[in-house]
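Protein chains in written order, with the UniProt record's numbering: chain P, 1 to 295; chain D, 1 to 146.
Hints are not guaranteed to be accurate.
What the hints assert, rightly or not - Sample of chain D residues at the chain P side, in silico, Cβ under 10 Å: (1) 75; (2) 100; (3) 137.
Unchecked claim - Derived, one-sided and incomplete: chain P residues facing chain D with beta-carbon distance under 10 Å: (4) 36; (5) 37; (6) 95; (7) 113; (8) 116; (9) 142; (10) 149; (11) 156; (12) 182; (13) 186; (14) 227; (15) 247; (16) 260.
No lab work stands behind these hints, which were simulated from the structure alone. For glycine and all other residues, C-beta sits at the position ideal for the given N, C-alpha and C.
If you want the building blocks of each chain, they are given just below.
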Amino acid sequence: MNRHSRRRRRRILPIALLALAAALPGPDGMAADGRLLASGGATQLEGSAGGGIVPWAVLAGYATRDEIGATSYLTRVEVSDYALDSWGAALNIRNRLELSLSRQRFHLGTLGDLLGMPGASIRQNALGIKLRVSGDVIYSTWPQIAVGAQLKKNLDFSIPSAAGARRDSGTDLYVAATKVFLGAAGGYHLLVNTTLRSSSANQLGILGFGGDRGGRRLLGEFSAAVLPDPTLAIGFEYRQKPDNLGFAREDAFSDLFVAWFPNKRFSAVAAYADLGSVASFGNQRGWYLSVQANL
Amino acid sequence: MTAHLRAPAWIGLGMALLLGACASTPRATGSLYAQFGETAGLSALVDSLLERFADDPRIAPKFANTNIPRFRRLFVEHLCVILDGPCTYTGDDMREVHTGLDISEAQFNAVVEHLIDAMQAQDIPQTAQNRLIARLAPMRKDIIYH
């Protein structure tokens with residue numbers, strides 16, 4: 001089996017998982033579908049439940065305190081000079097604990113051509129754990145609060161290392177507060193999320209961890225969305241990032257998104273994303289598309 | 001040492017568009033109670049809901065010992081009061097009514113989803129639907145797991 005077909009085979013796996021989840025019979029007594037539509041959010045780039053780029057305090061899928069649920073997702077981001085694939089799965093244990101596994105694959109695009117490595121990419125694995133500390137995103141007076149960690153391992157460290165990254169692995173820690181204010185935006189539901197993260201990851205970890213300009217920092221992330229009806233959310237997100245590599249300035253991520261929740265089995269998010277400067281190329285803007293299936 | 005912070009102008013623009021879109025949506029007129037069609041509208045809504053409850057195996061068993069005509073009358077009264085209508089609720093408080101039923105989070109949400117579907121079927125304006133949900137939501141703690 002040559003390298004090309006092996007790669008193709010690997011990319012079939014997430015699609016097969018999604019198809020399987022979507023094709024399985026509808027909810028029955030065992031289904032983890034007890035929470036309200038859209039209340040599990042989407043999946044962010046490193047595999048945790050959230051918006052598109054920010055982890056929220058909500059846990060993946062629709063499991064209540066009496067249920068265990070699973071979700072899988074597939075995301076593609078295409079900006080001016082690069083593309084990023086992210087896919088993975090998460091387990092929600094009784095709406096208390098979320099465990100997630102995900103893979104990021106960053107396509108070097110224009111930079112790959114310049115480095116004489118056309119078609120090259122950098123891969124990363126991320127293991128996520130999130131604990132709901134208190135509250136319910138919809139029903140409690142106070143926001144739902146969760147703490148989480150994302151343990152990341154860069155699998156292709158030669159380019160990040162050459163760019164000045166110190167380590168090939170790192171752990172992000174975060175606390176998130178999320179609340180839906182019912183009917184608060186002129187009669188429409190308003191979701192607000194604030195996340196505080198401690199991280200040394202350069203461009204999520206794609207460019208390694210730490211660098212000549214520093215290491216771990218405290219970063220702010222913010223999301224807001226309005227729900228025009230129970231199946232739709234329109235909003236924006238902002239995610240502050242470290243800026244550890246003198247060689248490649250790093251900017252905040254932001255996006256404007258539309259999320260669609262036709263039912264509890266499937267959801268999709270489309271966004272216009274601004275990733276700022278990435279690995280020496282500025283103004284990286286483009287499309288973000290994500291699909292998710294829930295068991 | 002501060003991280004690089006940059007809030008692109010188009011985020012502000014997007015937010016303005018978002019708020020503008022909400023503000024320009026045709027406002028449903030009249031009181032909340034009027035938007036639900038007053039007592040006649042609420043009676044139709046409750047009838048529609050009761051049909052949905054009867055067809056849902058997650059919910060129907062919880063009504064095994066319920067006097068349905070009485071429940072229907074009190075439910076209409078309660079909704080009327082919650083929507084600031086000219087009614088008096090003559091039933092017991094929510095905690096008392098649901099004690100012993102051991103209603104789960106999933107069963108509670110199933111009822112909420114039937115309510116949303118029923119309101120949708122009655123063509124109740126989305127903003128009015130949301131305002132009712134907002135007024136009902138705090139009752140959950142008195143309803144589940146008692």
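Broken hints, by number:
1, 2, 7, 8, 9, 10, 11, 15 and 16
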